[in-house]
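Engineer: Take a look at the letters that make up each chain.
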Amino acid sequence: MPISRFLFFSSKHRFRQPLNLIRRFDLSKRTQSCSYTKSSRQSHRNPADYFLSPQETKASRSWSTYVIPAGGLLGLAGIATFVHYNDERRAVRKGTSVCQCVKEKNFEGENSGPNRVTGPIIGGPFTLIDTENRLVTEKNFLGNWILLYFGYTSSPDVGPEQVQMMAKAIDILDSKKNLKILPIFVTIDPQRDTPAHLRAYLKEFNSRIVGLTGPVGAIRQMAQEYRVFFKKVEEEGDDYLVESSHNMYLMNPSLEVVRCFGVEYTAEELAEEISKEMKKAST
Amino acid sequence: MAALEAYASRNADEVHTDVLLKARQACYKSRDAFYDCLEKESNKKPTEIASVGLLYPAECKALRAQFVNHCRASWVKHFDRLYCKNKRVTRLLDDGGETRR
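Read top to bottom, the protein sequences are chains A and B. Mapping of the first sequence onto this note's numbering: position 181 corresponds to residue 181, and the numbering continues sequentially without gaps. Heads up: take any position in the second sequence, counting from 1, add 283, and you land on this note's numbering.
Hints in this document: simulated from the structure, not taken from any laboratory. Quick reminder that beta carbons are idealized off the backbone N, C-alpha and C, glycines included. Wrong hints could be hidden among the right ones.
To be verified - One side only, chain A facing chain B, incomplete, derived with CB under 7 Å: (1) Thr153; (2) Ala196; (3) His197; (4) Ala200; (5) Glu204; (6) Glu234; (7) Asp239; (8) Leu241.
I would like the entire structure built from these sequences, with the hints used as guidance.
Structural biologist: Quick look at the structure:
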């Protein structure tokens, strides 16, 4: 019976609508058997009818039964191509990038442990607004060593501590080692951190810190490029905290991320590590 | 590009002064005063409700009011939660696992 074979095939390969198909087939089988017996009885009287009716029903049934699984397979293929395309779009380029934020502190010197990890490339272009309401892109910062921090001004304790540490490290590097490095503070809370507010906030720490803000889309894109996670928590209308991955990125003059520092660093250690990196690069 | 310009033109002049340095320092001072009071009166029975499950004795009510006044609500909750966590950790370390939790 070709019908039963087809039924088996469809139920095996298409586990989405087996019930419907089986139900339909059952019905049609029953009616088909009915029509067979009926036509067989009538065969003596009307052989033309016998040939016509099962042919007809068989033809109509085969057309519709082939369309549904074919459509389903096409749908599956469509979904597969969409998923593949999405993966390609979001694919992370692998390259040599350094970021072992937690382990760096334990490994002293370049020999112990791999300092360069083949992993996703961190960084990318961005277009934001600085505290003077000017449009800046990453090209404005080419040629400087950069210390990049993603934070927000309404942070109760961690944010101000980190910015304070940044400011102190900058001062140490300036005065003791005479190394110029540009600190950049990108806000992950652009809704409340307007350029004027950023300027007032950062001025209290160090006037050299560049503050960047912008529309939420631009910030989110840059955060994705730099692998920074942030999320609003404890929202009560306008009053909320932003949870984020606290990391400071050190970038070389060609804007590649060279090191990242977590919250466990003090200002002196930070300055020490930065000067080490800069010396290493200049030799 | 258009979104950036729109952002720049909008709300360019607001400065939230309650997160700037002076306000932060006032907040930290009142917070420390309140928690010190909690430590001092830790033998009294906690009757008043703070936030996120923290209870405090009625003696520290005035300090609590000052604390809430000087800091933002989300900061108050954040500090309370931090305090509870630290208390729990110290209690665990002190007991050494003797009391049944």
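Engineer: Against this structure, judge whether each hint is valid.
Structural biologist: A quick look at each hint next to the structure:
no., hint, in the structure
1, Thr153, "holds, 5 Å"
2, Ala196, "holds, 5 Å"
3, His197, "holds, 5 Å"
4, Ala200, "holds, 5 Å"
5, Glu204, "holds, 4 Å"
6, Glu234, "holds, 5 Å"
7, Asp239, "holds, 5 Å"
8, Leu241, "holds, 5 Å"
Violated hints for the displayed structure: none, as all numbered hints are satisfied.
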